[in-house]
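A.B. asks: Chain A is fixed; fit chain B onto it per the hints.
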Amino acid sequence: MRKLLSSHTVEARLFAVLLLMVVGLSLATDTFLTVANLTSLLNNNSVNLIWAVGLLVVLVAGGIDISFAVAASVVQYLTAQILGYVGGGNWVLGFLIAGSIGLGLGLINAALIHGFKIVSIVITIATFNAFFGLLMFFTKGRSIYTLPDWWVDRIFLFEYQSASGVWSELHLSVAVMVACLVATAFFINRTTTGRQLYAFGDNPEGARRAGINIALMQAIAFGWCGLMAGIGGLMQVNIAKEVVPNALYGRELDVLAAVVLGGARLGGGKGTVFGCVLGVLFVAITQNGLNLLGVSPFAFQMIIGATILVAISTSNVKIDLSSWFKPKSGQQSRRVDQ
Amino acid sequence: MNTRKALVSGLALCAALATSASAETEMGIVVKIGGIPWFNAMEQGILERAEELGVSAEMIGPTSADPALQVRAIEDLIARGVDVIGVVPNDEAALEPVLTKARDAGIVVIAHEGPGLDNVDWNFELASAKGFGEAHAELLCANAEKPGSYAVYVGSLTVPLHNAWADAGVAWMGENCPELTLVGERYGVAESVDDSRSTTLDLIAANEDLRGILAFGSQGPIGAGRAIDERRLTGQVHVMGPFSPGQGRQLVQDGVIAGGYMWNPAEAGRVFVTLGNMLVEGAEVAEGTEIEGLGVVSPDAETRNIITDNLLEINADTVDGLAEQGL
Chain A
1 MRKLLSSHTV EARLFAVLLL MVVGLSLATD TFLTVANLTS LLNNNSVNLI
51 WAVGLLVVLV AGGIDISFAV AASVVQYLTA QILGYVGGGN WVLGFLIAGS
101 IGLGLGLINA ALIHGFKIVS IVITIATFNA FFGLLMFFTK GRSIYTLPDW
151 WVDRIFLFEY QSASGVWSEL HLSVAVMVAC LVATAFFINR TTTGRQLYAF
201 GDNPEGARRA GINIALMQAI AFGWCGLMAG IGGLMQVNIA KEVVPNALYG
251 RELDVLAAVV LGGARLGGGK GTVFGCVLGV LFVAITQNGL NLLGVSPFAF
301 QMIIGATILV AISTSNVKID LSSWFKPKSG QQSRRVDQ
Chain B
1 MNTRKALVSG LALCAALATS ASAETEMGIV VKIGGIPWFN AMEQGILERA
51 EELGVSAEMI GPTSADPALQ VRAIEDLIAR GVDVIGVVPN DEAALEPVLT
101 KARDAGIVVI AHEGPGLDNV DWNFELASAK GFGEAHAELL CANAEKPGSY
151 AVYVGSLTVP LHNAWADAGV AWMGENCPEL TLVGERYGVA ESVDDSRSTT
201 LDLIAANEDL RGILAFGSQG PIGAGRAIDE RRLTGQVHVM GPFSPGQGRQ
251 LVQDGVIAGG YMWNPAEAGR VFVTLGNMLV EGAEVAEGTE IEGLGVVSPD
301 AETRNIITDN LLEINADTVD GLAEQGL
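Chains as they are written, first to last, in our numbering: chain A, 1 to 338; chain B, 1 to 327.
Here chain A stands alone, though its shape is the one from the complex (with noise of 0.2 Å):
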């Protein structure tokens, strides 16, 4: 027990918190634990999610994706003009289309930050105003909001009405989100390519040393991080019913946020899905809950920020307590040049 929390003491951590939180709400509001409210907070979530654990494979392979957000943007459009090219279409095609133009624009980035050896927040800072400066360009700033009907049609999961006449339903966005959960789980926990993105990332020139492929590391971070976006580009269509150029724009410094509070290293070879379930929800349940206690909305970014910033240090003076337990060489050092 002791182990798995000094290895994940971030998460654990986190996992405290939100529950105290959960809690709190849950006896200061009668609006929070409903189902209509939980099943809202899953829905509105889930493409933030997507693009969460699709960062995840990216920042623990010891990159960094600022573009991933407007690849979305990207994707949106193009796939809204290959569909009205080819007269309608339908949801796999809509998965294919889109899944496929993601992974090129990841696999872009992944060429160029291999091929020039240049460090990915550069890389990704010029293709994040290459793509937006394109995508203005071309559509001249214009929306689209003709779309084929079963892209927009909203697909329930599950629905419900309580007593007092409220709706709650899950999206198929939720389904999709749980499946994007699950396979990046799976793919950086149980294969060897997953672990060895770990072992780049945490240390590429040994890895490169014990033979590990670094350009097929780099496609496959960004690839994957390219194929959640587009994915999550999709589903906010699906959820939104428009396709707006600058709609995106600003979204990936949310999720950079929350994937970090989730644990997820900046330096590399860190980071858990749970986590970044976590620090989604955390940064979700917070807004959620100001709105619900009727908290003053000039006083959210002040709350919000300082909840992260306290969400932050307390789980670092957390590690801090745990090293005296077990005291290793070499941890301190990589704990200060994160």
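For the record, the hints were derived by calculation from the structure and aren't laboratory data.
Among the hints, a few may not be true.
Pairwise CB distance ranges, derived in the manner of DEER restraints [claimed, not checked]:
1. A126(A) / T63(B): 14 to 24 Å
2. T181(B) / F274(A): 34 to 44 Å
3. T191(A) / E145(B): 56 to 66 Å
4. D91(B) / I125(A): 24 to 34 Å
5. W167(A) / D66(B): 45 to 55 Å
6. F137(A) / A93(B): 27 to 37 Å
7. V122(A) / N315(B): 49 to 59 Å
8. I212(A) / G35(B): 46 to 56 Å
9. I118(A) / R232(B): 44 to 54 Å
10. I125(A) / D66(B): 48 to 58 Å
11. D66(B) / V182(A): 43 to 53 Å
Where a beta carbon is used, it is the ideal one built from N, C-alpha and C, also for glycine.
C.D. replies: Here is chain B on its own, set in the frame of chain A:
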């Protein structure tokens, strides 16, 4: 890039010069940016009205919303010796010097959406902040079941215009519709469909008596409408606010969005030409003057503003026509 732009606009100028007759009144109207539906509609209004009055008018839309490009376009118009320059400013302060130059050259200068400009003959508005906010509040009061509560969204807590609308709307509600109470001050979510949607879901959960949402900011009515549709509360919670008719068409027809107001860019284009022509012909604008498209006006001679309330209602009857114009 700049040379190319200069060349292109030079060519356009030559073409325009070659086609226009010499004695005819000439007008050039510089807008914020070209190629977007809003200003395409304005251009249509300008061209139509110019044909009716037998004057020559053209609209110039820079490739990006950049004050420097507007300055250059106005300088070109001065060099060409047009009679009227119209402008929808990107940045009021950046245009003052070049507008002084235009007026010194004897050119009539008219602005729209530039209430702070000093060097203009007149600036006209089709909507006042107060009138716009109050019109939406009236719509809310007329639609919502009472008693109950309502929420207000703005683009961001720091957008001056949206907050002025919200202030006017909330003040009107307090005086005329006290059975509806405001929940939670105001939410700065209305430039994002996702944010206004999830905030609306939260507010519905937190306030059982929520009856309406006053959403200022282009995406607010859409996001709030989607949330209400999702919660199957159409008819119980009403949304009103300005939005793009093409985007909100379906929601209006489904009865989720009760309606909203906008001002008509095509009408603004027509007013540019009408007013320009009047001023060139030597007419004075004073208290009680009637101007087609603006109605009977009461101009403010001090600030050179003509502020009117010519609002265009977006509702189930008008939304299709407006959407067809690409708005």
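A.B. asks: Hint by hint, say whether it matches the structure.
C.D. replies: Hint check results:
A beta carbon spacing of about 23 Å between A126(A) and T63(B) agrees with the range 14 to 24 Å that was offered as a hint. For the pair T181(B) and F274(A), the supplied restraint of 34 to 44 Å holds, since their beta-carbon distance comes to about 43 Å. Restraint check, T191(A) to E145(B): a C-beta distance of roughly 57 Å satisfies the suggested window 56 to 66 Å. As the Cβ distance of D91(B) to I125(A) is approximately 28 Å, the hint placing it in 24 to 34 Å holds.
Checking the proposed 45 to 55 Å range against W167(A) and D66(B) shows it holds: the Cβ atoms sit about 48 Å from each other. Range check, F137(A) to A93(B): Cβ separation about 29 Å, and the 27 to 37 Å hint holds. Between V122(A) and N315(B) the CB atoms are about 51 Å apart, so this pair conforms to the stated range of 49 to 59 Å. Evaluation of the 46 to 56 Å hint for I212(A) and G35(B) yields a pass: the beta carbon distance comes to about 50 Å.
I118(A) and R232(B) have their C-beta atoms about 51 Å apart, which keeps the hinted 44 to 54 Å range intact. Distance hint for I125(A) and D66(B): a CB-CB separation of about 23 Å, inconsistent with the stated range 48 to 58 Å. In this structure, D66(B) and V182(A) meet the distance hint of 43 to 53 Å, their C-beta atoms being roughly 48 Å apart.
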